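Student: All residue numbers for the sequence shown refer to the working numbering, where the first residue is 241 and numbers rise by one.
A few of these clues could be false.
To be verified - Each pair of labels, with its calculated beta carbon distance range:
id, residue 1, residue 2, range
1, F474, T368, 19 to 25 Å
2, L266, P403, 20 to 26 Å
3, P442, F407, 50 to 56 Å
What the hints assert, rightly or not - Derived pair list, reagent style SDA-like, types lysine to any residue, alpha-carbon separation capped at 25 Å:
id, residue 1, residue 2
4, K267, A458
5, K353, E439
6, K423, E318
7, K267, H277
8, K334, I367
9, K263, P403
10, K423, F311
11, K353, E329
12, K423, R449
13, K423, G402
14, K423, K334
15, K423, K467
16, K267, G257
17, K423, V340
18, K423, E390
19, K353, R310
20, K353, R370
21, K423, R394
22, K423, N317
23, K423, D453
24, K423, E329
25, K267, E439
26, K353, G402
27, K263, A375
28, K423, C385
29, K467, D453
30, K423, P404
Note that these hints are calculated values from the structure, not bench results.
Bear in mind that the values here come from a model prediction, so they are computed numbers and not experimental data.
The beta-carbon is built from N, C-alpha and C at its ideal position, and this holds for glycine as well.
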Amino acid sequence: MTAQIDAPAQKTLGWFGAGGPEKEPLKENVFATMVTHQGMQQQRELFPYFGPNDLVPAGAFSYSLPDMPRFHFYHYNEQQEIVISMASEGAPLKTGQIHVQDNTHGVTTFLTKPHAPRMESYQICLITIRMRPFAPQNEAKMFRCSECNELIFRYDEDMHVGPPHRFYQELPNIRVYADAVDKFNATDRICPACGHQNEPFPQDIAGWRRYADYIELANRARGDIEKAATAEGFDVEVAQ
Numbered sequence: 241m242t243a244q245i246d247a248p249a250q251k252t253l254g255w256f257g258a259g260g261p262e263k264e265p266l267k268e269n270v271f272a273t274m275v276t277h278q279g280m281q282q283q284r285e286l287f288p289y290f291g292p293n294d295l296v297p298a299g300a301f302s303y304s305l306p307d308m309p310r311f312h313f314y315h316y317n318e319q320q321e322i323v324i325s326m327a328s329e330g331a332p333l334k335t336g337q338i339h340v341q342d343n344t345h346g347v348t349t350f351l352t353k354p355h356a357p358r359m360e361s362y363q364i365c366l367i368t369i370r371m372r373p374f375a376p377q378n379e380a381k382m383f384r385c386s387e388c389n390e391l392i393f394r395y396d397e398d399m400h401v402g403p404p405h406r407f408y409q410e411l412p413n414i415r416v417y418a419d420a421v422d423k424f425n426a427t428d429r430i431c432p433a434c435g436h437q438n439e440p441f442p443q444d445i446a447g448w449r450r451y452a453d454y455i456e457l458a459n460r461a462r463g464d465i466e467k468a469a470t471a472e473g474f475d476v477e478v479a480q
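Work out the full structure, taking the sequences as your base and the hints as a guide.
Tutor: In structure tokens:
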């Protein structure tokens, strides 16, 4: 799944090297992307480039809620993620800090007091991963028992190529997270080691399923309006 701009880059970009860049360089404000996020720790891609060997920067945020449910899982990625704390209050990563994630790492709200008053604590991060040149690119989502830390669920998926869409592409790992949560929540979540029944993961707060649903809806609606125009005799030219 590659979103490629076919138009050649401007000649003024020759400083990228002979022939210029393969894709048009774009500019985005990570803070401005916050208004289009679907939920807590939902990575929001800054650019439409998810192809082989691409760098994929994405914004993510979390903030405190007095009734915050347990928000914790483990994540494995064959490619290490680079995290830059763009701004934070009440978070372990201070504004401007850079952190290189281990291939397997825990994921929470990353707030010292996640149950503080609403949005008293927050963090906004820029998370960057690199797409591998060739498939597969495995990611896994794991849940451990909240009582004894025994592994009770693991979901692996190749996210090198996401679902094909005609108009608007999606960051494929978000659907992996949504699918993993749905599958985990559908189990009894009982730990085989200590017998504790773990709470379901808060899919709604995370927003991953909304992201995947809205991508599908946008593509479906765009296709439907073109079908309607064609049925009325209009000459529709598809703009990717």
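Student: Which earlier hints turn out false for this structure, listed by number in ascending order?
Tutor: Violated hints: 1, 3, 14, 15, 17, 20, 24, 25, 26; rest satisfied.
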